[in-house]
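> For the record, the sequence lines run as chains A and B.
Numbered by this note's numbering, the letters in the first sequence go through residues 1 to 233 in order.
Numbered by this note's numbering, the letters in the second sequence go through residues 1 to 233 in order.
The hints are simulated quantities; they were obtained by calculation from the structure and are not laboratory data.
Please note that a few of the clues may not be correct.
Claimed, not checked - List time: in silico DSS-like cross-link candidates among lysine-lysine, alpha-carbon distance up to 27 Å:
1) Lys59/A to Lys149/A
2) Lys149/B to Lys120/A
3) Lys174/A to Lys170/B
4) Lys121/A to Lys170/B
5) Lys120/B to Lys174/A
6) Lys206/B to Lys149/B
7) Lys118/A to Lys174/B
8) Lys170/A to Lys121/B
9) Lys149/A to Lys120/A
10) Lys174/B to Lys121/A
11) Lys149/B to Lys120/B
12) Lys174/B to Lys120/A
13) Lys149/A to Lys206/A
14) Lys174/A to Lys206/A
15) Lys120/B to Lys170/A
16) Lys174/B to Lys59/B
17) Lys120/A to Lys59/B
18) Lys174/B to Lys206/A
19) Lys170/A to Lys149/A
20) Lys206/A to Lys120/B
21) Lys59/A to Lys174/A
22) Lys170/A to Lys206/A
23) Lys59/B to Lys149/B
24) Lys206/B to Lys170/B
25) Lys170/B to Lys149/B
26) Lys118/B to Lys170/A
27) Lys121/B to Lys174/A
28) Lys59/B to Lys118/A
29) Lys118/A to Lys206/B
30) Lys174/B to Lys149/B
2 protein chains.
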Amino acid sequence: AIVAAAASLFAPGPLAGRHVLITAGPTREYLDPVRFISNPSTGKMGLALAEAARGMGAKVTVVLGPVGAVERSGYEVVDVVSAEDMAREVLARVDEVDCFIASAAVSDWKPETRAAQKVKKSEGPEALTLVRTPDVLAEASRRVSGREKRPVLVGFAAETQRVVEYARDKLERKGLDAIVANDVTAPGAGFGVDTNQVTVLTRDGKQRELSGTKREVARSILGLIQELLPPRP
Amino acid sequence: AIVAAAASLFAPGPLAGRHVLITAGPTREYLDPVRFISNPSTGKMGLALAEAARGMGAKVTVVLGPVGAVERSGYEVVDVVSAEDMAREVLARVDEVDCFIASAAVSDWKPETRAAQKVKKSEGPEALTLVRTPDVLAEASRRVSGREKRPVLVGFAAETQRVVEYARDKLERKGLDAIVANDVTAPGAGFGVDTNQVTVLTRDGKQRELSGTKREVARSILGLIQELLPPRP
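One chain only, chain A, in its complex shape:
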């Protein structure tokens, strides 16, 4: 980490002077003090993006869901638990960044209520009512839409079928510049593993396949993002 930090002092890199905001990891939506709805995201892809962006000279802020102990040097980390926490921290920052990469696996639903005490088995619940959480990326996009200096917006689509179709729809619906789509059930891709294979779709209709370690895929994604950034003032 010291070597990397020292190196960055001498090689400003293609993203020098840019601020990149990244969400990573899962969110947890608690139904009582000890139970939650979540997903298997480990934050590896998002943290690889943070590392790559830092390596290219960017200032990096990661809004990070609960992933346990991870390397977090060289960039600012804002720890969050729920989708609501994540939305709040992102919306407080998205106006001022050059790029927002939403790689977190945000829970789409949360329990309607959160019990103050651990719910005993005998009491239920047998039916859990779920309500939608804030859509972090869509809200961020709405917030910056129409601005003169609008950050490049990059989404992720973790799908198990019709991956490219769903991703293209999401790109258009949320007003994104690019979306990184992957089939999380494919071997060597998705949650927890160190490799990934993704399809990057951009607003101009182009489609690129990337595969390799998450670190390699992260560098390639940031190379594509770099092309989408407006020229420096």
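Following the hints, put chain B in place on chain A, whose structure we already have.
Below, chain B alone, put in the same frame as chain A:
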């Protein structure tokens, strides 16, 4: 680990010749390929018990829920995901062990159905029907009850209120020899942290308070268990 293994060759320890089965970590109950109900257990307490039992000369088998990368040398680890997986692996082994310590935070409910594909946001579910999972410890207790050579059964009770009362009830209802109760909302206790403070209740009505690092607490718990084991044949 090598030093510990070498030491155990020369000092058989008070649990030499005993086989201890331990469950540790959370379980995950999936509602579709990418979403689940779980809890914040990191397996630290259970793995500290495994380490302590091994240090006292026991043969140790850990049935371990999803906790990410953890030290797992010196004992057998059986990886599981759901409560059903955990119950199956425990019931396959509990007949042959001298002690079963159920320290895992097993999900009490699971979604009634598991969708084959990721459920799209627009489709729902807005109501999630939950059904009970197998009670691993109660099933293990039923299985061995009345046997001549019955393992010592130790439960855990993670509570947020009326801790000792709930734990005493659980000890009696499930036919346990001891139960380790803790208030998971107390500072320096419960999920994820390296320390714990617990109350150990035994069938004879005694109650002991233990606190310290999870490693220290683990050693003390095993010291109490050692007293409950029948003399060696």
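> Against this structure, judge whether each hint is valid.
How the hints compare with the structure:
1. Among the hinted pairs, lysine 59/A with lysine 149/A is consistent with the structure: their alpha-carbon atoms are about 18 Å apart, no more than 27 Å.
2. Proposed proximity of lysine 149/B and lysine 120/A is contradicted: the alpha carbons are some 33 Å apart, above 27 Å.
3. Restraint check: the Cα-Cα separation between lysine 174/A and lysine 170/B comes to about 50 Å, which exceeds 27 Å; the hinted pair is violated.
4. Pair hint lysine 121/A plus lysine 170/B holds up; C-alpha atoms about 12 Å apart against a cutoff of 27 Å.
5. Among the hinted pairs, lysine 120/B with lysine 174/A is consistent with the structure: their alpha-carbon atoms are about 16 Å apart, no more than 27 Å.
6. Pair hint lysine 206/B plus lysine 149/B holds up; C-alpha atoms about 24 Å apart against a cutoff of 27 Å.
7. For a cut-off of 27 Å, the pair hint linking lysine 118/A to lysine 174/B stands: about 20 Å separates their Cα positions.
8. Proposed proximity of lysine 170/A and lysine 121/B is supported: the alpha carbons are some 12 Å apart, at most 27 Å.
9. For the proposed pair lysine 149/A and lysine 120/A, the alpha carbon gap of about 52 Å is over 27 Å, so the pair is violated.
10. At roughly 14 Å between alpha-carbon atoms, lysine 174/B and lysine 121/A fall within 27 Å of each other, so this suggested pair holds.
11. Restraint check for lysine 149/B and lysine 120/B: the C-alpha separation of about 52 Å exceeds 27 Å, so the hint is violated.
12. A threshold of 27 Å between alpha carbons decides the hint, and for lysine 174/B with lysine 120/A the separation of about 15 Å falls inside it, so the pair holds.
13. For the suggested pair lysine 149/A and lysine 206/A, the alpha carbons sit about 24 Å apart, so the restraint of at most 27 Å is met.
14. A threshold of 27 Å between alpha carbons decides the hint, and for lysine 174/A with lysine 206/A the separation of about 17 Å falls inside it, so the pair holds.
15. At most 27 Å may separate the alpha-carbon atoms for a hinted pair to count; lysine 120/B and lysine 170/A meet this at roughly 12 Å.
16. Restraint check: the Cα-Cα separation between lysine 174/B and lysine 59/B comes to about 25 Å, which is no more than 27 Å; the hinted pair holds.
17. A threshold of 27 Å between alpha carbons decides the hint, and for lysine 120/A with lysine 59/B the separation of about 34 Å lies outside it, so the pair is violated.
18. Simply put, lysine 174/B and lysine 206/A have alpha-carbon atoms about 61 Å apart, too far for the 27 Å limit, and the pair is violated.
19. At roughly 22 Å between alpha-carbon atoms, lysine 170/A and lysine 149/A fall within 27 Å of each other, so this suggested pair holds.
20. Restraint check for lysine 206/A and lysine 120/B: satisfied, since their Cα atoms lie roughly 25 Å apart, inside the 27 Å limit.
21. Proximity of lysine 59/A to lysine 174/A is assessed by CA-CA distance (about 25 Å); at most 27 Å being required, the pair is judged to hold.
22. Distance restraint check for lysine 170/A and lysine 206/A: the Cα-Cα separation of roughly 15 Å lies within the 27 Å cut-off, and the hinted pair is therefore satisfied.
23. Pair hint lysine 59/B plus lysine 149/B holds up; C-alpha atoms about 18 Å apart against a cutoff of 27 Å.
24. For the suggested pair lysine 206/B and lysine 170/B, the alpha carbons sit about 15 Å apart, so the restraint of at most 27 Å is met.
25. Taken as a hint, the lysine 170/B and lysine 149/B pair is honoured in the structure, with Cα atoms around 22 Å apart against an allowance of 27 Å.
26. In summary, the hint linking lysine 118/B to lysine 170/A is supported, as the alpha carbons are separated by about 15 Å, within the 27 Å threshold.
27. Between lysine 121/B and lysine 174/A the alpha-carbon distance is near 14 Å, which keeps this suggested pair within the 27 Å criterion.
28. Of the supplied pair hints, the one linking lysine 59/B and lysine 118/A is violated, its CA atoms being roughly 34 Å apart against a limit of 27 Å.
29. Pair hint lysine 118/A plus lysine 206/B holds up; C-alpha atoms about 26 Å apart against a cutoff of 27 Å.
30. Taking the CA atoms of lysine 174/B and lysine 149/B, the gap is near 18 Å; set against the 27 Å cutoff, the hint holds.
The earlier numbered hints that this structure contradicts are 2, 3, 9, 11, 17, 18 and 28.
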